[in-house]
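This is what each chain is made of:
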Amino acid sequence: MSVISTKKLVKKFNGLTAVNGVDLSIEEGEIFGLLGPNGAGKTTTISMLCTILKPTSGTATVNGYDVISDQEAVRKSIGIAFQDPSLDHKLTGRENLRVHMGLYGVPKDERKKRMEEVLKLVQLTNRADEPTQNYSGGMKRRLEIARSLLHYPKVLFLDEPTLGLDPQTRRHLWEYIQNLAKKEKITILLTTHYMEEADLLCNRIAIIDEGKIVVIGTPDELKEKVGGDTIRIKCGNPKKLASSVKGKVQKDEVLIVTDKAEKLLPKIFKTADTKGIEIFSARIDRPSLEDVFLKFTGKEMRRETGSFKDIMKRRMRSR
Amino acid sequence: MINPEAIYWIWYREVLRFWRTKSRLFSSIAQPLMLLAFLGGGLSFMKVGGASYQVFMFPGILCMSLLTVSVMSGISVIWDKEFGFLKEILVSPISRLSMFIGKALGGASSAMLSSILILTLAPLLGVKLSLIMILQSLVIMFLVAIGFVSLGLIIASFLDSFEGFGMIMNFLVMPLFFLSGALFPLEQVPAWLKTISMLDPVTYGVDALRTIILGESVFPMQMNLTVLISFAIVMFTIGTWTFNRQE
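Protein chains in written order, with the numbering used here: chain H, 1 to 319; chain L, 1 to 247.
Keep in mind the hints are simulated off the structure, nothing from the lab. Careful, some of the hints might be misleading.
DSSO-like mimics (lysine-lysine), calculated; alpha carbons at most 27 Å apart, straight line [what the hints assert, rightly or not]: (1) K120(H) - K54(H); (2) K90(H) - K22(L); (3) K90(H) - K81(L); (4) K87(L) - K54(H); (5) K76(H) - K87(L); (6) K113(H) - K87(L).
Taking the hints into account, I'd like the entire structure generated from these sequences.
Written out as structure tokens, the structure is:
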């Protein structure tokens, strides 16, 4: 049974189509990634799934409940960590969590235990009695993820979970997310425009561009669609090697495109050896999700930073 | 539809926030007190209806802090919008009605908190308060606060940013305060001014508090209560309606 399912989901803002007929089917326990550049429609899709926005047309169910007719049941089933922080800065970490549990009606006798559990999961136990205005960006994001887990949601939405964080914090956060998928057994839908993030965390990825899903698959499947690996060899006699291993010469390198680079490499070495060609270096290039994106959308992923100023600018624009 | 627990937690957050933002708490008390000390002190040669001017304006000063904190608390939803906390409430499984009630009660409690702090200064002015008088005042204060927090919430639902904020203070709160007869006796003002003042709900709050604390009044208490209760109910109803309407 799919936990999240959408059919021909469309959202238009004043004639501008942000989401243009998205079909998704996400199974229980998956970490599913929506990958695409800013403005591709990722956040709009998530907003419709978590009942903040009403779809212009199409249907969607989350945990079996319709996002239009059964909003309250959907809201009870989901947890969300927003792209822009949504904590109360004047309240401490624990106070933020307590308010959340009250709003979601977490059983009273479980509250304390649950709160400490999620704090431990994101390693904020020691700082939880400080107002969140003292927190760093990474800590805020972690607390927000912890908060979204308090009411035992079936589905967790993470909207750009590491946007604007430094590389080290990002790596930590990835660990938390992987850890949580194991411990909490929940389905996670995350959006990102970082290729490595999608590659590392997700079981399946949908690439979304201009409101449409371009391709869906596991990271490996997607990479396979781009084509094989490329072996690059520097050697004493490139032309001779190229003709004997069906490669081509590019500058001073021999390039061989193949599906099974690992198996082919020893054979190439043997061939070179028998022909008396000295090999200086060899390297295997794997296709990245970046290549996948390029292939399916015909454009490069824009690299955008997530500084506070950019976030504010984007927000002003999105008004 | 109405979820008492959710209402409690929204109220709790609202009051805690107000209490913790010391600058807001401080200015909500300091501003009225400055008026009381400097304007009241400066005009202390005047007597109004047997009482000193300072004592006369005291109930008005209570209403001033009530009015400012109430409207501000209502409008503070813009802050929640801007800093994201509103989304946390909007995606939670509570109804807009519960959210509105929690906000309205939270704002009203904050407003009453600062007025109560001012009320404790009454003995310094030589005003003697009995327990009954305090309880009666609290009822009036609650009615005024609920009405104006709701008004603030309604305004906030039409605003997208803080930009309109200063305008509301200058063109809504200030006139409402000045017209209310908080600073002058309404019996002795020109007819045109009195007519406008009678359209201002704060007028009846000030008059009711003056009746309770000083035993002086322009309007009968029944009239004050009728206006204040109607105003609170109308604002509250429009408020819940605006909140439900929002997508």
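*Which of the listed hints are not met by the structure?*
1
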